[in-house]
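2 protein chains.
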Amino acid sequence: MTHPTFVVHHLERSRSTRVLWALEELGLPYTLKVHKRHPKTMRAGPEIKAIHPVGRFPVLTVDGVALAESGAILDTLADDHADGRLKPAAGEALRRYRYWLHFAEGSLMAPLLVALIMDQVRGPAVPFFVRPVTGMIAKSVNGSYTWPQLADLLPPADAAVAGGGWFAGADFTMADIQMSYGVMAALARVPGADKYRNLADWVARVEARPAFQKAVEVGGPVLLG
Amino acid sequence: MTHPTFVVHHLERSRSTRVLWALEELGLPYTLKVHKRHPKTMRAGPEIKAIHPVGRFPVLTVDGVALAESGAILDTLADDHADGRLKPAAGEALRRYRYWLHFAEGSLMAPLLVALIMDQVRGPAVPFFVRPVTGMIAKSVNGSYTWPQLADLLPPADAAVAGGGWFAGADFTMADIQMSYGVMAALARVPGADKYRNLADWVARVEARPAFQKAVEVGGPVLLG
Numbered sequence: 702m703t704h705p706t707f708v709v710h711h712l713e714r715s716r717s718t719r720v721l722w723a724l725e726e727l728g729l730p731y732t733l734k735v736h737k738r739h740p741k742t743m744r745a746g747p748e749i750k751a752i753h754p755v756g757r758f759p760v761l762t763v764d765g766v767a768l769a770e771s772g773a774i775l776d777t778l779a780d781d782h783a784d785g786r787l788k789p790a791a792g793e794a795l796r797r798y799r800y801w802l803h804f805a806e807g808s809l810m811a812p813l814l815v816a817l818i819m820d821q822v823r824g825p826a827v828p829f830f831v832r833p834v835t836g837m838i839a840k841s842v843n844g845s846y847t848w849p850q851l852a853d854l855l856p857p858a859d860a861a862v863a864g865g866g867w868f869a870g871a872d873f874t875m876a877d878i879q880m881s882y883g884v885m886a887a888l889a890r891v892p893g894a895d896k897y898r899n900l901a902d903w904v905a906r907v908e909a910r911p912a913f914q915k916a917v918e919v920g921g922p923v924l925l926g
Numbered sequence: 702m703t704h705p706t707f708v709v710h711h712l713e714r715s716r717s718t719r720v721l722w723a724l725e726e727l728g729l730p731y732t733l734k735v736h737k738r739h740p741k742t743m744r745a746g747p748e749i750k751a752i753h754p755v756g757r758f759p760v761l762t763v764d765g766v767a768l769a770e771s772g773a774i775l776d777t778l779a780d781d782h783a784d785g786r787l788k789p790a791a792g793e794a795l796r797r798y799r800y801w802l803h804f805a806e807g808s809l810m811a812p813l814l815v816a817l818i819m820d821q822v823r824g825p826a827v828p829f830f831v832r833p834v835t836g837m838i839a840k841s842v843n844g845s846y847t848w849p850q851l852a853d854l855l856p857p858a859d860a861a862v863a864g865g866g867w868f869a870g871a872d873f874t875m876a877d878i879q880m881s882y883g884v885m886a887a888l889a890r891v892p893g894a895d896k897y898r899n900l901a902d903w904v905a906r907v908e909a910r911p912a913f914q915k916a917v918e919v920g921g922p923v924l925l926g
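Protein sequences, first through last, are from chains A and B. Be aware that the first sequence starts at 702, since it is given in the working numbering, and climbs by one per residue. Be aware that the second sequence starts at 702, since it is given in the working numbering, and climbs by one per residue.
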């Protein structure tokens with residue numbers, strides 16, 4: 702069987718590991734282009750804009766056509782290149798698949814991003830004489846927005862994977878791949894997140910998958926720092 | 702033709718106007734449940750958690766089954782209740798549809814949310830003697846994150862709707878509905894956004910649609926403040 706030519710533009714330590722992982726799950730051959738973060742800004746350079754105008758990672762080219770947005774890439778791979786794998790065909794499982802596919806970036810990432818920004822706001826780069834104020838601001842934003850949001854979002858995610866299941870139900874799907882970055886970041890960074898035992902067990906099941914291990918082997922660790 | 706029973710749980714002045722608008726575009730009858738924001742916190746109360754465990758808006762129930770996440774709701778309506786309308790069947794238009802459907806919440810909303818939080822950080826509720834510091838923080842976060850992000854994200858969106866088109870191409874789709882909140886918020890709030898003439902023209906085309914007008918008539922204005 703001949704496949705299209707897949708090229709993954711991957712940013713080290715980023716959400717783009719998900720696309721490598723999806724291709725590994727499907728057994729599809731691809732070329733990997735690794736883009737480095739600038740050691741000071743931690744951002745990638747602008748050269749990715751020649752591949753896709755928005756200039757963010759990941760970008761997957763399929764026979765030269767550039768796809769972006771992780772959720773759109775994973776859903777496209779499931780529909781066009783998976784022979785019915787990794788996406789439920791209908792019913793409750795498809796409803797759950799769609800929900801978590803959008804939830805990952807549409808709901809979960811926003812408070813995680815704000816938490817990261819607040820770490821910068823009160824961080825060591827801030828002059829010592831303003832740190833009482835910056836610490837107060839970070840505490841206030843996290844207390845009124847970040848932690849209450851995550852206290853709404855994480856328990857239903859934890860419940861969704863109770864009993865050894867996956868986000869769409871009994872079968873592993875692209876929704877699990879899409880949820881991986883946010884769940885791993887939440888468990889690593891959110892105070893008290895060790896109470897989400899089902900999510901921790903789900904991460905252990907993820908890490909046991911050979912395709913995930915291969916993606917990390919070729920793309921590097923998922924999380925920054 | 703009999704339809705399923707649709708109930709929209711709508712939060713005033715929020716992204717949930719999009720679901721009303723989609724149902725109006727499809728001519729599907731629905732029951733509207735309007736939820737008010739608390740006058741101080743501007744948040745909704747917890748009663749929506751009885752309908753959907755995550756407790757966020759919008760929620761659409763279809764014969765009693767609760768759907769959430771705007772992108773997932775719109776894509777489900779397109780697949781199951783639209784007779785082929787508002788979603789391209791294949792090809793380049795479907796690729797564009799998927800991209801903008803995910804971009805709206807996956808990329809565009811994060812910097813807009815951070816801009817709103819920074820408005821709070823330097824806002825009038827902050828004691829006057831710390832305002833020089835809070836103003837400096839807001840300027841620093843917006844200068845290093847918010848405005849550079851939006852300067853990457855908005856030009857390709859502007860280019861996508863040049864020449865009187867829609868986000869997926871020549872035809873209006875759910876991707877336009879999904880993009881509406883972020884584009885309207887960006888044009889209203891981002892300094893210098895009046896340069897995005899194609900997006901402003903696209904908003905004018907949106908506002909001319911009878912279904913959009915009906916959604917605003919029954920659901921109220923889209924943006925806060």
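Don't read these hints as lab results, they were simulated from the structure. We put the beta carbon where it would ideally sit given N, CA and C, even for glycine. Be careful, since some hints might not be right.
[To be verified] Stretches of chain A that chain B covers, calculated by requiring three or more beta carbons in the stretch to come under 8 Å of a beta carbon on chain B: (1) 755-768; (2) 830-836; (3) 843-855; (4) 899-905; (5) 910-919.
- What hints, given by number in increasing order, does this structure fail? 4 and 5
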